[in-house]
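Colleague: Listed in order, the protein sequences are those of chains A and B. Here our numbering runs 1 ahead of the position in the first sequence, where the first position is 1. Here our numbering runs 3 ahead of the position in the second sequence, where the first position is 1.
Hints are computed from structural coordinates only; laboratory data are not their basis. Heads up, some of the hints might be wrong.
Not everything, but these chain B residues come out facing chain A in the computed CB check (under 10 Å) [what the hints assert, rightly or not]: (1) A89; (2) L90; (3) R91; (4) Q99; (5) F104; (6) E120; (7) G162.
Partial chain B-side listing against chain A, Cβ under 10 Å, derived [what the hints assert, rightly or not]: (8) N65; (9) V83; (10) A87; (11) I88; (12) H93; (13) I94; (14) V97; (15) D100; (16) V101; (17) G102; (18) L115; (19) V116; (20) L119; (21) A168; (22) P172; (23) L175.
Small disclaimer: the values here were computed from a predicted structure and weren't measured. Where is the CB? At the ideal position from N, CA and C, for every residue including glycine.
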Amino acid sequence: MNIVNFFIRHQNEILQATLQHIWLVGIAMLLAVAVGVPLGIIVTRHPWLSKPILGGANIAETIPSLALFGFLLPVPWMGERADRLVIVALTLYALLPIIRNTSTGIESIDAAVRQAARGMGMTQNQILWQVELRLAVPTILAGVRVATVLTIGIATIAAAVGAGGLGEFIFRGLAMVNNQLILAGAIPAAALALLADSILGLLERRLRPARQ
Amino acid sequence: MTPETDRALPRESIIEFQNVSYRLPNGQTILRDLTFTVGRGETLALLGRSGAGKTTALKMINRMLDPSEGNVLVESKATVSWNAIALRRHIGYVIQDVGLFPHFTIEQNISLVPRLERWPAERTRARVKELLDLVDLNFDKFAERYPHQLSGGQRQRVGIARALAADPPILLMDEPFGALDPLTRGELQKEFQELQRRLGKTIVMVTHDVGESLLLATHIALLEDGKLTGIYSPPEFLAAKEPMAAAYVANFRMYEEAERANEHR
Chain A
2 MNIVNFFIRH QNEILQATLQ HIWLVGIAML LAVAVGVPLG IIVTRHPWLS KPILGGANIA
62 ETIPSLALFG FLLPVPWMGE RADRLVIVAL TLYALLPIIR NTSTGIESID AAVRQAARGM
122 GMTQNQILWQ VELRLAVPTI LAGVRVATVL TIGIATIAAA VGAGGLGEFI FRGLAMVNNQ
182 LILAGAIPAA ALALLADSIL GLLERRLRPA RQ
Chain B
4 MTPETDRALP RESIIEFQNV SYRLPNGQTI LRDLTFTVGR GETLALLGRS GAGKTTALKM
64 INRMLDPSEG NVLVESKATV SWNAIALRRH IGYVIQDVGL FPHFTIEQNI SLVPRLERWP
124 AERTRARVKE LLDLVDLNFD KFAERYPHQL SGGQRQRVGI ARALAADPPI LLMDEPFGAL
184 DPLTRGELQK EFQELQRRLG KTIVMVTHDV GESLLLATHI ALLEDGKLTG IYSPPEFLAA
244 KEPMAAAYVA NFRMYEEAER ANEHR
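Work the whole structure out from these sequences, hints included.
Modeller: Right under this line is the structure:
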């Protein structure tokens, strides 16, 4: 009962923080797709680049988020604003699943389909856009889904460097030993993650071409 | 056509291999010094064991591969001087695993090359209808379906229709009926024979099926270890003394003998 009252009383602040959270994650995901999908395509075209690209993304993935925020703080343009810094960090975390799923999605296309496409005189670009990417979309979306859920969680730590978001409540609650405050951040964050997961999951199933 | 009349008529060569060799980057030789011609309207079967280089030779005709040495001429022009995309759209291509696009309907699959060539929508649609007719599939029933909803034989029919879409003068077929069950294969081979008679395409097909070669080909080229052992008309092939050809014929006759043996049981 207490918690419900708390949510109602603070609904404006919670809504504000949630929108900010969505903004941070949304921009980071757009950037991650814009960078990760082309990198994933490059990996399929030049296998020798697969180690450095996937390795780099893998390393980014292993850096603890708080430490990554710390590393990025002295970087000139980024350190100026907390949200810039957080968006770049979240983008780095989101890259690995997107790059990996893009290359896996393209590489798992039936060799006969690719051979037929080439043999019928499709250009490299036509094969990429009309065949490879189209068939890889569900797999790429699965990567975006994993990355989104991951970054929604990590974004709560953004409050530590003052970028706001739902982490604000969690940090304040921890400092004040107030469970209601912690839940005011944790519950919407979990709900966001579940919502993103189901929407992207639905999209992924809709776009999967029927198979035997 | 007997060999005599064949030689008497001036034969317009559509595909010509001139001392063609192909080596892999690691130096392994796949084809050595291949020389032969395919005339307009002829069907050449490339026959040989797996790994003899049949598919490699086929892929050189539509520039999926370029020769390491020698020249492949298509319509008297070296393939390396052709624009690869233009060359491929000029040549129909059918492969064993068909390779239909799983995210395209049957109509979209068949109309791919016409769409790439920017045919008007009406002409494309009429062509798809005509082609489905040609391979004996009902337009209203199949046009909107997806490849996974078709049987193996139906898929290969669509594969053939797709290859014929822009009416290419040349057709390449890589074991087109190899993945089908024997009954379906027989039906398709028979229908294809009829189709070939009507369309008069120049065809090169890869096969290791002697029966298929005898049924569909005007010439049989025997490949062994990347080398051409000989080119025969079907009657010449059946009478050939060359050991490899004779072995194929003996293998083929094995079934006839089994049939005769069972008649007397």
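Colleague: Under 10 Å is the threshold here; is the Cβ of B/P172 close enough to any Cβ of chain A for the hint to stand?
Modeller: 14 Å, violated
Colleague: Do the numbers back the hint for B/V101, that is, is its least Cβ distance to chain A under 10 Å?
Modeller: 7 Å, holds
Colleague: Return the status of the interface hint for B/V116: holds when the least beta-carbon distance to chain A is below 10 Å, violated otherwise.
Modeller: 6 Å, holds
Colleague: Given B/H93 as an interface hint, is its Cβ closer than 10 Å to any Cβ of chain A?
Modeller: 8 Å, holds
Colleague: Is the interface hint for B/Q99 satisfied, with its Cβ closer than 10 Å to some Cβ of chain A?
Modeller: 8 Å, holds
Colleague: For the restraint on B/N65, tell me whether the closest CB of chain A is nearer than 10 Å.
Modeller: Hint on B/N65: holds, closest Cβ of chain A at ~6 Å, below 10 Å.
Colleague: Holds or violated: is there a CB of chain A closer than 10 Å to the CB of B/G102?
Modeller: With a minimum Cβ separation of about 3 Å from chain A (threshold 10 Å), the hint on B/G102 holds.
Colleague: Quick one, is the B/F104 hint okay against chain A at 10 Å, beta carbons?
Modeller: 6 Å, holds
Colleague: Interface hint check: B/R91, Cβ to nearest Cβ on chain A, cutoff 10 Å. Holds or violated?
Modeller: Nearest chain A Cβ about 3 Å off; hint holds.
Colleague: Grab the minimum C-beta distance from B/L119 to chain A and call the hint holds if it beats 10 Å, violated otherwise.
Modeller: With a minimum Cβ separation of about 7 Å from chain A (threshold 10 Å), the hint on B/L119 holds.
Colleague: Verify the interface restraint on B/L175: the C-beta must sit less than 10 Å from at least one C-beta of chain A.
Modeller: 8 Å, holds
Colleague: Would you check whether B/A168 satisfies its interface hint, that is, whether its CB is within less than 10 Å of any CB in chain A?
Modeller: 9 Å, holds
Checked against the numbered hints above, the structure violates hints 9 and 22; every other hint is satisfied.
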